[in-house]
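Peer 1: These protein sequences, in sequence, are chains A and H. Using this note's numbering, you'd call the opening residue of the first sequence number 1 and step up by one each time. Using this note's numbering, you'd call the opening residue of the second sequence number 1001 and step up by one each time.
None of these hints come from the bench; they were simulated from the model. Just to be clear, a hint being listed does not mean it is correct.
[What the hints assert, rightly or not] Which bits of chain H does chain A cover? Going by a derived footprint, with three or more residues having C-beta under 8 Å, they are: (1) 1085-1095; (2) 1101-1109; (3) 1113-1121; (4) 1130-1137; (5) 1170-1181.
[Stated by the list, open to error] Some chain H residues judged to face chain A by a derived CB distance under 10 Å, without partners named: (6) I1003; (7) A1022; (8) S1029; (9) G1030; (10) E1031; (11) P1053; (12) L1066; (13) Y1081; (14) I1184.
What you are looking at is a predicted structure, and each value in this text was computed from that prediction instead of being measured. Built from N, CA and C at the ideal position, the CB exists for glycine as well.
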Amino acid sequence: MTGIGFDTIKRVTADLYDRSLRFIPADSKVALRKADGIETNETARHTLQTMIRSAEAAEQSWRFVCSDSGVPVYVIKVGTQARFSGNVRQAIVEGFADLVASIQPPLLPHVTNPLTLERGHSGRHMPIVTFDMVDDCDFIDITCSPKALGSGRWSAMEIFSFPDLPTIEAYVLDVVRKAGSQPCPPVVVGVGIGGTFDYACKLAKEATLRPIGQSHPEAIVEAMEERLLAAVNRTGFGPMGTGGDSTATAVHVDYAAGHGFTPVAVTFNCWINRRTRARLFNDGRVEIIE
Amino acid sequence: MAITTHRLTFPLTAESARSLRAGDMVIMSGEIVVTAGLPTHHRLIGCLNGVEPMPMDLNGASVFHLGSYSEEKDGTLQLHYINPTTSTRFNALMPTLISGFNWHAVGGKGGLDRPCVEALRQVGGVYLSFLGGGAALHTQAIRRVIEVGWSDMLMHYRLVRLQVEDMGPVTVAIDAHGVSLYDIDAAT
Chain A
1 MTGIGFDTIK RVTADLYDRS LRFIPADSKV ALRKADGIET NETARHTLQT
51 MIRSAEAAEQ SWRFVCSDSG VPVYVIKVGT QARFSGNVRQ AIVEGFADLV
101 ASIQPPLLPH VTNPLTLERG HSGRHMPIVT FDMVDDCDFI DITCSPKALG
151 SGRWSAMEIF SFPDLPTIEA YVLDVVRKAG SQPCPPVVVG VGIGGTFDYA
201 CKLAKEATLR PIGQSHPEAI VEAMEERLLA AVNRTGFGPM GTGGDSTATA
251 VHVDYAAGHG FTPVAVTFNC WINRRTRARL FNDGRVEIIE
Chain H
1001 MAITTHRLTF PLTAESARSL RAGDMVIMSG EIVVTAGLPT HHRLIGCLNG
1051 VEPMPMDLNG ASVFHLGSYS EEKDGTLQLH YINPTTSTRF NALMPTLISG
1101 FNWHAVGGKG GLDRPCVEAL RQVGGVYLSF LGGGAALHTQ AIRRVIEVGW
1151 SDMLMHYRLV RLQVEDMGPV TVAIDAHGVS LYDIDAAT
């Protein structure tokens, strides 16, 4: 066996990004339909129905759901038994470059140098990739979650000292209120609590990737998710911020033990909740999960 | 209360704008101008101040915060897709532009702040909320690219005048009477 090849990684990561732009995940569709069923505001129901129609139109015509294709972001879990036959990061960079050159319709130049504000399709550390090790697996698990301006702009983090739960939850709601109508609600809210500065943000990001409807396994966190979702949906922003009960389809919380300083990170996915995922095995198999 | 859906011709007149109420829906046909660029807005302020000539006539236009990707093929411009961007980014500049150019319809997604609501009330203008992530639907309504201004800028920053047919429905999120659906009592 030669292991997971350069060309496979290059092709699959490019394809994950391409596909993520053209449909919405199954759980997003279910969540929007559910919201439409319980929404009390007529304009909001109309907007939710248009969202579903828009997603279906994009999928049927295989066009983009949104013009802001974001920047490519990959979350990669590397099995300890996985073997590689080429460079991984370079494969992802080349895959994205090839995609930019060939994708139809073309991508707008969203990759921005934060120091010069020059925009294009490539840049330092782009695509953004994080790697984690997972024990006892002979595959790598790649999630593509492109981040665009609309929802990316409103993430926030603050560090507290021995906060109680009401303090943490009040902060989450503050961030939600600041985001308001702007991240294309109904959003998925990801919350990361504890650990360190960097780790809390990572937990928040990964919390947004959890399928909607799947609760945290710990009761204390699950209860917090339920309280926060109800509170977020009482803010009244509603779909696209023009009023209603459906401001979030989910609030996903995760935490890590830390010291007495407790970072609380909050991030958003827009209603589309773009996400595609695949597993690449040592024996050459590619499993498209979504 | 039932939603009223209006079929209207664009650019919207002050009279048509004043006939709308926040929460109404609008199906749009006619001519609109789109841009998603903050630098474009700064440049337009420059035009009002005599820094450079206007790239196209925008007086009384319906101007929306929509990003678009178009390409020239066989001598004509073809539009690949169009979709709204967040309007709040332009809050600081919009009152001057709305008043300076008599815009009776502006829009995008996410809304505008109170000074913009007041500027719209004064000129007789509305803010229309487009579905974010509505590219497949919005793009179907584009009939042709009429003209492009400031081609020296990035694609989605340019001013693009489009002919549209049955675009929407979009939501009247701020009406010409000072009512904004974005004014939400966010007490929880």
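Peer 1: In terms of beta carbon proximity below 8 Å, does the segment 1170-1181 of chain H have 3 or more residues touching chain A?
Peer 2: With 3 residues closer than 8 Å to chain A, the segment 1170-1181 of chain H meets the three-residue bar; holds.
Peer 1: Quick check on H:Y1081 please, does its C-beta sit within 10 Å of some C-beta on chain A?
Peer 2: holds (5 Å)
Peer 1: With chain A as the partner, please determine if H:G1030 meets the hint condition of a C-beta pair closer than 10 Å.
Peer 2: It is violated, given that the least Cβ distance between H:G1030 and chain A is near 21 Å, above 10 Å.
Peer 1: Would you settle whether the hint for H:I1184 is holds or violated, based on the nearest Cβ-Cβ distance to chain A being less than 10 Å?
Peer 2: Holds. Min distance 5 Å.
Peer 1: Quick check on the hint: H:A1022 CB to chain A CB, less than 10 Å?
Peer 2: holds (9 Å)
Peer 1: Against chain A, with CB atoms and a cut of 10 Å, does the hint on H:P1053 hold up?
Peer 2: violated (25 Å)
Peer 1: Closer than 8 Å Cβ to Cβ for three or more residues is the test here. Does the segment 1113-1121 of chain H pass it with chain A?
Peer 2: Violated - the segment 1113-1121 of chain H has 0 residues with a Cβ nearer than 8 Å to chain A, which falls short of three.
Peer 1: Under the criterion of a CB-CB separation shorter than 10 Å, is H:I1003 in contact with chain A as hinted?
Peer 2: Given a least distance of 6 Å, the restraint on H:I1003 holds.
Peer 1: Hint H:L1066 vs chain A: min CB-CB distance below 10 Å?
Peer 2: Interface hint status for H:L1066: holds (8 Å vs cutoff 10 Å).
Peer 1: Hint H:E1031 vs chain A: min CB-CB distance below 10 Å?
Peer 2: This hint is violated: H:E1031 lies away from chain A, its Cβ roughly 20 Å from the closest one there, beyond 10 Å.
Peer 1: Verify this for me: three or more residues of the segment 1085-1095 of chain H with a beta carbon less than 8 Å from a beta carbon of chain A.
Peer 2: holds (count 3)
Peer 1: Taking a Cβ-to-Cβ distance below 8 Å as contact, does the segment 1101-1109 of chain H have at least three residues touching chain A?
Peer 2: violated (count 1)
Violated hints, listed in ascending order, are 2, 3, 8, 9, 10 and 11; each of the other numbered hints is respected by the structure.
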